[in-house]
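Take the given structure of chain C and dock chain P to it, following the hints.
Residue-level listing of the chains:
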Amino acid sequence: MEFTILAFLVQDGVTNGAIYALLGLALVLVFAVTRVIFIPQGEFVAYGALTLAFLDVGRMPGTAMLLVVFGIAAFLFDLVETRLRPGLPALARSAAINLVLPFAIYTAALFIVPTEPNAFVKALLTIVIVAPMGLYVYRIAYRPLSDATVLVLLITSVGVHLAMMGLGLAFFGAEGFRARPLTAGSFSVGFMPVAAQAVWIYGVTIAAMVGLYFFFEKTLLGKALRATAVNRLGARLVGVRTQLTGGTAFVLAATIGAVSGVLIAPITTVYYDTGFLIGLKGFVAAIIAGLSSFPVTALAAIGVGLVEALASFYASNFKEIIVFTLIIPVLIWRSLTTDHHEDD
Amino acid sequence: MALDRRLIGFVGIAVVAAVPFLPIPPFWITLLNNIGLASLVAIGLVLLTGVGGMTSFGQAALVGFGAYTTAVLTTAYGFSPWATLPLSLLAGALVALPLGLITVRLSGHFLPLGTIAWGLALYYLFGQIQLFGRYDGITAIPPLELAGHRFFSSGSIYYVIWGCVIAVAIGARNLLDSRVGRSLRALRGGTQAAEAFGVDIVRAKLTVFVLAGVLAALSGWLYAHMQRSVNPTPFGLNMGIEYLLMAVVGGAGHVWGAIFGASLVLILKDLLQRFLPDLVGITGNFEMIVFGILLVAILQFSRDGLWPLILRALPARKRRPLPKADGALGRRKLAPEGTTLVKLEAARKTFGGLVAVNDVSFDVKAGQIVGLIGPNGAGKSTTFNLITAISPLSGGKVIFGDATASAKSPREVARHGIARTFQHAKVLPEMTVLENVALGAHLRGRSGVVRSVLRLDRAEEAILLAEAETQIARVGLADYRDRPAGDLALGQIRILEIARALSLDPALLLLDEPAAGLRHGEKQELAELLKKLRAEGVGVLLVEHDMSFVMGLVDHLVVLDFGTKIAEGNPAEVRRHPAVVSAYLGGVS
Chain C
1 MEFTILAFLV QDGVTNGAIY ALLGLALVLV FAVTRVIFIP QGEFVAYGAL
51 TLAFLDVGRM PGTAMLLVVF GIAAFLFDLV ETRLRPGLPA LARSAAINLV
101 LPFAIYTAAL FIVPTEPNAF VKALLTIVIV APMGLYVYRI AYRPLSDATV
151 LVLLITSVGV HLAMMGLGLA FFGAEGFRAR PLTAGSFSVG FMPVAAQAVW
201 IYGVTIAAMV GLYFFFEKTL LGKALRATAV NRLGARLVGV RTQLTGGTAF
251 VLAATIGAVS GVLIAPITTV YYDTGFLIGL KGFVAAIIAG LSSFPVTALA
301 AIGVGLVEAL ASFYASNFKE IIVFTLIIPV LIWRSLTTDH HEDD
Chain P
345 MALDRRLIGF VGIAVVAAVP FLPIPPFWIT LLNNIGLASL VAIGLVLLTG
395 VGGMTSFGQA ALVGFGAYTT AVLTTAYGFS PWATLPLSLL AGALVALPLG
445 LITVRLSGHF LPLGTIAWGL ALYYLFGQIQ LFGRYDGITA IPPLELAGHR
495 FFSSGSIYYV IWGCVIAVAI GARNLLDSRV GRSLRALRGG TQAAEAFGVD
545 IVRAKLTVFV LAGVLAALSG WLYAHMQRSV NPTPFGLNMG IEYLLMAVVG
595 GAGHVWGAIF GASLVLILKD LLQRFLPDLV GITGNFEMIV FGILLVAILQ
645 FSRDGLWPLI LRALPARKRR PLPKADGALG RRKLAPEGTT LVKLEAARKT
695 FGGLVAVNDV SFDVKAGQIV GLIGPNGAGK STTFNLITAI SPLSGGKVIF
745 GDATASAKSP REVARHGIAR TFQHAKVLPE MTVLENVALG AHLRGRSGVV
795 RSVLRLDRAE EAILLAEAET QIARVGLADY RDRPAGDLAL GQIRILEIAR
845 ALSLDPALLL LDEPAAGLRH GEKQELAELL KKLRAEGVGV LLVEHDMSFV
895 MGLVDHLVVL DFGTKIAEGN PAEVRRHPAV VSAYLGGVS
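So the protein sequences, as listed, match chains C and P. Quick note on my numbering: the first sequence kicks off at 1 and runs consecutively. Quick note on my numbering: the second sequence kicks off at 345 and runs consecutively.
The set of hints was computed from the structure by calculation and includes no laboratory data. Certain hints may be false.
[Claimed, not checked] Listed below are the simulated SDA-like cross-link pairs for lysine to any residue, each with C-alpha atoms no more than 25 Å apart in a straight line: (1) P:K709 <-> P:H921; (2) P:K613 <-> C:A73; (3) P:K613 <-> C:L79; (4) C:K319 <-> P:T577; (5) C:K319 <-> P:Q474; (6) C:K319 <-> C:R178; (7) P:K709 <-> P:L678; (8) P:K752 <-> C:W333; (9) P:K876 <-> P:A672; (10) C:K319 <-> P:Y479; (11) P:K752 <-> C:A73; (12) P:K613 <-> C:I140; (13) C:K319 <-> P:Y468; (14) C:K319 <-> P:K752; (15) C:K319 <-> P:G580; (16) P:K668 <-> P:Y468; (17) P:K867 <-> P:T776; (18) C:K319 <-> P:Q472; (19) P:K613 <-> C:L336; (20) P:K613 <-> C:G173; (21) C:K319 <-> P:R478.
[As the list claims (entries may be wrong)] Here's a subset of chain P near chain C, in silico, CB distances under 8 Å, partners left out: (22) W462; (23) L475; (24) I637; (25) T748.
Where a beta carbon is used, it is the ideal one built from N, C-alpha and C, also for glycine.
Extracted from the complex, chain C is given alone in its bound form (with noise of 0.2 Å):
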């Protein structure tokens, strides 16, 4: 007996760890281009599950609209800064990057809602509406600050974060959501059942990995990303536009952060501010890895997953306090590790 419920605790943790993982890779594929601590990555998250929860009962979620709004948005950034040189060929490809595709993406979404698709269209759906918003975010609140310090840059993430989760409130509503499955059942491995949409979540985070592993050694685009994060200056010296390479990871991130709310909206209720504690768990790992290494962030994401997973059992009250506890010796351990120069 006593066996069973470690091996569903184990299960648990891995699974939820897992989710951790792929939040974990984005966050430390972000800060390495662009030195941004993205504490909104569990936005994405919710905007994720939520979207797809309303796509399940045929209601146009709110994020198309706010992916129209963020595209305006970032439209008039463009605009401010090509004043000084207006340029029609700068100003086309904005206008069909900010305006162009949100609108497509809006008006399609309108079409396939009410079709009552399958579950795939609907996963993709919900993709395809979050992850432009990435890039809208990096134009509107951190390309601006590209040369701030990185101290600035996570109290911008705050503000993000409090912008997006309160967005989320005014589309989705207090209410919490659960999305169903991508394919429902489960089957058993000895004497445990799993859950079809466990194993999504392991072999998404499995394929993610490996993905990220091509993307980063064998493209063009993930070697200038690398560029960039080794050294930002040395990048563009070499002709790497490190703004784009910005976009990209922005991107790359909100993809991730979508795929994920596609992934835990079925198996857990999800409200507008549940992004936030899931992407700061993703946090807590990336931070054992030293927000550099995507390896040990994966490793450390499965411990933070079997450390809840354990913790609500034995303590389920002090579950929080336990998993966010963890993170002070981490930190310690990295400030005494990492070696820091004095900025001159």
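Just chain P now, kept in the frame of chain C:
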């Protein structure tokens, strides 16, 4: 000028005192009370973030400790509210101390992340403790009482709250304008310079951390007796973020800005909570959307907050006449000429396999100017860092005076009476020339936090400032005394660093490329000054590239090349030394 800032201050206080008598709706008073409570926390954050450079999102949890301490003691143990005031403040300090011990060791961005972590953990903890009534909290907390008058109404506790706010604001301003204050303000501009003049960095950081914790606890204590009930909600992370927003809006370096920021944020919150739900159609805390955007916008467009914009509209502060100093600082009794001040014995520094400094030995005597020269990459700066204990020795010794062991930290070096300048000048650009130089005299004063807050340090402060002014005049920067150091040209900043070093009353002066960036006339004046110091019996060690400057000035030269001492002697000898000629001009091997 008829309108000076002091007058505006008095008018402000009079207005605050008159508010409850004005015919205004009672919820305005409640709002003002909340602003006062938040201001206390925000002033703590100004000290912590704006002055100390440490960003905390966890202050709300410390407010909680202040509130819960009095709530538990007054309801469960029958304490009178006033008796719990010191206990609440003590609780704030006792919680802040271990948190600070952990947190101040965190570097860079790890620090605010750490505060988010413990901010969240403590919030959940409040909700789990039986004694704290879990998530329901504690109710029926008694009101404050004074001579039979019970502070039930929001109009009466208003005076208690705003009395505290004004006293705290004035105390904080006093603190910042003092010897301790200078050391705290130095934290943000990089700690190397402050440490080189004897400031204990960890202690200074802990000091602001605990002060901010005590102010948060004071706010919590007042809150508990105003609201007369507590529960975990106002002590969560969202509130912690809101406090930081207030400090950022106000402009994190300004005490009055904190009150301004708290007012702006809470008035805005009140308006948004009233009108936004109608706009959106459902109820909820939609003000967070606006707050989030506001925070990002301020960082993008006015990173120093809004208060500096207001300060610009106020009449400029008058050039402050220095207080009359009653007495002067005692001077160090300099060692007789020829006494060894610092002795390097086979000093060695390796980075992995690279030997940057290879068993270098030489010494500097009182009344002697020694030059340390060598081509680029010779190891001059590394040697300098070994002497000043910025980087630890890999082997050998650096002995100061009659000490028996090498110094462990720059602070210890300073206590030996050794002052230095930096190759890349490290001054605090927002502080005035006078304050920067006075930082050099840090070790020659004694006053601590309490004396500074209560202005009992004025006699000593006047003497310290007089000393700083003397040194400023000595190096010829008198006209710039009250200008921010950031306004100065590079050459002037180097001179400023020398004045700061002189304020330590040094027995030995270590100068890292002092002539770089100086004009010809300035170089001559610097040479004259160094000669005068030599005549007084001070020892000088200088690393310098400018050969004409060095050759005409020094008594003794040490030449390094590839980390090894290749020659030593008086300038004429060294100039003829074959190894030196070959190192500088290239030789036939």
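Here's how the hints hold up against the structure:
Taken as a hint, the K709 of chain P and H921 of chain P pair is honoured in the structure, with Cα atoms around 23 Å apart against an allowance of 25 Å. As the CA atoms of K613 of chain P and A73 of chain C are separated by approximately 24 Å, the hinted pair is consistent with the 25 Å bound. Restraint check for K613 of chain P and L79 of chain C: the C-alpha separation of about 31 Å exceeds 25 Å, so the hint is violated. Note on K319 of chain C and T577 of chain P: the hinted pairing holds, with a Cα-Cα distance of about 18 Å set against a maximum of 25 Å.
Note on K319 of chain C and Q474 of chain P: the hinted pairing holds, with a Cα-Cα distance of about 17 Å set against a maximum of 25 Å. Straight-line distance between C-alpha atoms of K319 of chain C and R178 of chain C comes to about 22 Å, which keeps the hinted pair within the 25 Å bound. Restraint check: the Cα-Cα separation between K709 of chain P and L678 of chain P comes to about 11 Å, which is no more than 25 Å; the hinted pair holds. Using a Cα cut-off of 25 Å, the hinted pair K752 of chain P and W333 of chain C holds, with the two alpha carbons roughly 23 Å apart.
Distance hint between K876 of chain P and A672 of chain P is fulfilled; the C-alpha atoms sit about 21 Å from each other, no more than 25 Å. A hinted pair counts as satisfied when its Cα atoms are at most 25 Å apart, and K319 of chain C with Y479 of chain P qualifies at roughly 16 Å. The straight-line distance between the Cα atoms of K752 of chain P and A73 of chain C is roughly 55 Å, outside the 25 Å bound, and the hint therefore fails. Our distance criterion of 25 Å between C-alpha atoms is met by K613 of chain P and I140 of chain C, whose separation comes to about 23 Å.
For the hint pairing K319 of chain C with Y468 of chain P, the CA-to-CA distance comes to about 9 Å; that is within 25 Å, so the pair holds. A distance of roughly 43 Å separates the Cα atoms of K319 of chain C and K752 of chain P; the hinted pair therefore is violated under the 25 Å criterion. Among the hinted pairs, K319 of chain C with G580 of chain P is consistent with the structure: their alpha-carbon atoms are about 16 Å apart, no more than 25 Å. Distance hint between K668 of chain P and Y468 of chain P is unfulfilled; the C-alpha atoms sit about 54 Å from each other, more than 25 Å.
Pair hint K867 of chain P plus T776 of chain P holds up; C-alpha atoms about 24 Å apart against a cutoff of 25 Å. For the hint linking K319 of chain C to Q472 of chain P, the alpha-carbon distance of about 11 Å falls within 25 Å, and the restraint holds. In summary, the hint linking K613 of chain P to L336 of chain C is not supported, as the alpha carbons are separated by about 40 Å, beyond the 25 Å threshold. Our distance criterion of 25 Å between C-alpha atoms is met by K613 of chain P and G173 of chain C, whose separation comes to about 20 Å.
The straight-line distance between the Cα atoms of K319 of chain C and R478 of chain P is roughly 15 Å, inside the 25 Å bound, and the hint therefore holds. The restraint placing W462 of chain P at the interface with chain C holds, with a minimum CB-CB distance near 6 Å, inside the 8 Å limit. With a least beta-carbon distance of about 14 Å to chain C, the hint placing L475 of chain P at the interface is violated under the 8 Å criterion. Look at I637 of chain P: its Cβ gets to within about 5 Å of chain C, closer than 8 Å, so that hint holds up.
Residue-level restraint check for T748 of chain P is violated (minimum Cβ-Cβ distance to chain C is 29 Å; threshold 8 Å).
Checked against the numbered hints given earlier, this structure breaks hints 3, 11, 14, 16, 19, 23 and 25; the rest are met.
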